[in-house]
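So you can see what is in the structure, the chains are spelled out below.
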Amino acid sequence: SQQGEEDPQALSIQEGENATMNCSYKTSINNLQWYRQNSGRGLVHLILIRSNEREKHSGRLRVTLDTSKKSSSLLITASRAADTASYFCATEREFRDDKIIFGKGTRLHILP
Amino acid sequence: DVKVTQSSRYLVKRTGEKVFLECVQDMDHENMFWYRQDPGLGLRLIYFSYDVKMKEKGDIPEGYSVSREKKERFSLILESASTNQTSMYLCASSSRQGKNTEAFFGQGTRLTVV
Chain A
152 SQQGEEDPQA LSIQEGENAT MNCSYKTSIN NLQWYRQNSG RGLVHLILIR
202 SNEREKHSGR LRVTLDTSKK SSSLLITASR AADTASYFCA TEREFRDDKI
252 IFGKGTRLHI LP
Chain B
207 DVKVTQSSRY LVKRTGEKVF LECVQDMDHE NMFWYRQDPG LGLRLIYFSY
257 DVKMKEKGDI PEGYSVSREK KERFSLILES ASTNQTSMYL CASSSRQGKN
307 TEAFFGQGTR LTVV
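The listed protein sequences correspond, in order, to chains A and B.
Take the position in the first sequence, starting the count at 1, then add 151; the result is the number in my numbering.
Take the position in the second sequence, starting the count at 1, then add 206; the result is the number in my numbering.
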């Protein structure tokens, strides 16, 4: 069964606006990761947040983690056309030997 | 530049054929993964290997097997391909050194079973 569930499934925003995607998961985790996928190609790692961290930044990306609610959010600020992609959250579950389990993803479309 | 390479980008096979999907990584990673990706279902883990000759079933192992004879190579085998195995297959690897490490992905193999 899949661990993560992203929300919304699809999102369209104007270039320059901020995009927020959410992820909920079911079991205790070691860490949560966000990945990007362009046009059905391989996934690229964006950012990892550990279970004892609450917020992390990387360039225009901001990730938060609330372990009490079993949820995370990814904020992309000042969006660009090149941000158009699918975004997936993935969890490394606690006590599960490094398995990385993905959600269904959010399709983000940046409008010019 | 780190790399995970899948042997084919596109593959067309007939129902009942035995199919091999190959994946090679050059990062000396211990962990290797096979996922399949279908529209609306995201990535689902088929099999996971944490060392040579070691494997664990993922969420959807039925109809698949794997082989890890060398650390850098992880093969996914469809014993008798069926049309419901038409999908995008993604291989990934990650390190066990320290906790909390990212996965690196190959470019994917789009398999069509006719």
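Some hints here could point you the wrong way.
With a straight-line cut-off of 25 Å between C-alpha atoms, the simulated DSS-like cross-links for lysine-lysine are [unchecked claim]:
(1) B:K276 with B:K224
(2) A:K250 with A:K207
(3) A:K220 with A:K207
(4) B:K219 with A:K250
(5) A:K250 with B:K261
(6) B:K261 with B:K277
(7) A:K207 with B:K276
(8) B:K261 with B:K224
(9) B:K263 with B:K276
(10) B:K277 with B:K209
(11) A:K177 with B:K263
(12) B:K259 with A:K250
(13) A:K207 with A:K221
(14) A:K177 with B:K277
(15) B:K209 with B:K276
(16) B:K277 with B:K263
(17) A:K250 with B:K277
(18) B:K209 with B:K261
(19) B:K276 with B:K259
(20) B:K224 with B:K277
(21) B:K209 with B:K259
Chain B stretches covered by chain A per the calculated footprint, using a threshold of three residues with CB under 8 Å from any CB of chain A [unchecked claim]:
(22) 256-265
(23) 310-320
What the hints contain is simulated information worked out from the structure, not anything from laboratory work.
Just so you know, even glycine gets a beta-carbon here, dropped at the ideal spot from N, CA and C.
Hints and how they fare:
Taken as a hint, the K276 of chain B and K224 of chain B pair is honoured in the structure, with Cα atoms around 21 Å apart against an allowance of 25 Å. For the hint linking K250 of chain A to K207 of chain A, the alpha-carbon distance of about 22 Å falls within 25 Å, and the restraint holds. Between K220 of chain A and K207 of chain A the CA atoms are separated by roughly 17 Å; this keeps the pair inside 25 Å, and the hint holds. Straight-line distance between C-alpha atoms of K219 of chain B and K250 of chain A comes to about 30 Å, which puts the hinted pair past the 25 Å bound.
Under the criterion of a C-alpha separation no larger than 25 Å, the hint pairing K250 of chain A with K261 of chain B is consistent with the structure, at around 11 Å. Taken as a hint, the K261 of chain B and K277 of chain B pair is honoured in the structure, with Cα atoms around 12 Å apart against an allowance of 25 Å. Restraint check for K207 of chain A and K276 of chain B: not satisfied, since their Cα atoms lie roughly 36 Å apart, outside the 25 Å limit. A distance of roughly 20 Å separates the Cα atoms of K261 of chain B and K224 of chain B; the hinted pair therefore holds under the 25 Å criterion.
Distance hint between K263 of chain B and K276 of chain B is fulfilled; the C-alpha atoms sit about 19 Å from each other, no more than 25 Å. Note on K277 of chain B and K209 of chain B: the hinted pairing holds, with a Cα-Cα distance of about 14 Å set against a maximum of 25 Å. For the given pair, K177 of chain A sits about 19 Å from K263 of chain B by alpha-carbon distance, which is consistent with the 25 Å threshold. The hinted pair formed by K259 of chain B and K250 of chain A meets the criterion: a straight-line CA distance of about 17 Å does not exceed 25 Å.
Annotation: proposed proximity of K207 of chain A to K221 of chain A holds, straight-line Cα distance about 16 Å (limit 25 Å). Of the supplied pair hints, the one linking K177 of chain A and K277 of chain B is violated, its CA atoms being roughly 32 Å apart against a limit of 25 Å. Restraint check for K209 of chain B and K276 of chain B: satisfied, since their Cα atoms lie roughly 16 Å apart, inside the 25 Å limit. Restraint check: the Cα-Cα separation between K277 of chain B and K263 of chain B comes to about 18 Å, which is no more than 25 Å; the hinted pair holds.
Between K250 of chain A and K277 of chain B the CA atoms are separated by roughly 17 Å; this keeps the pair inside 25 Å, and the hint holds. Between the alpha carbons of K209 of chain B and K261 of chain B the distance comes to roughly 22 Å, so the proposed pair stays at or under 25 Å and holds. This hinted pair checks out: K276 of chain B and K259 of chain B have alpha carbons roughly 8 Å apart, not beyond 25 Å. A hinted pair counts as satisfied when its Cα atoms are at most 25 Å apart, and K224 of chain B with K277 of chain B qualifies at roughly 23 Å.
With a CA separation close to 22 Å, the supplied pair K209 of chain B and K259 of chain B stays within the 25 Å bound. A count of 4 residues in the region 256-265 of chain B with a Cβ less than 8 Å from any Cβ of chain A is obtained; the coverage claim is therefore met, three being the minimum. Restraint check on the region 310-320 of chain B versus chain A: 6 residues with Cβ-Cβ distances below 8 Å, three needed, restraint holds.
The earlier numbered hints that this structure contradicts are 4, 7 and 14.
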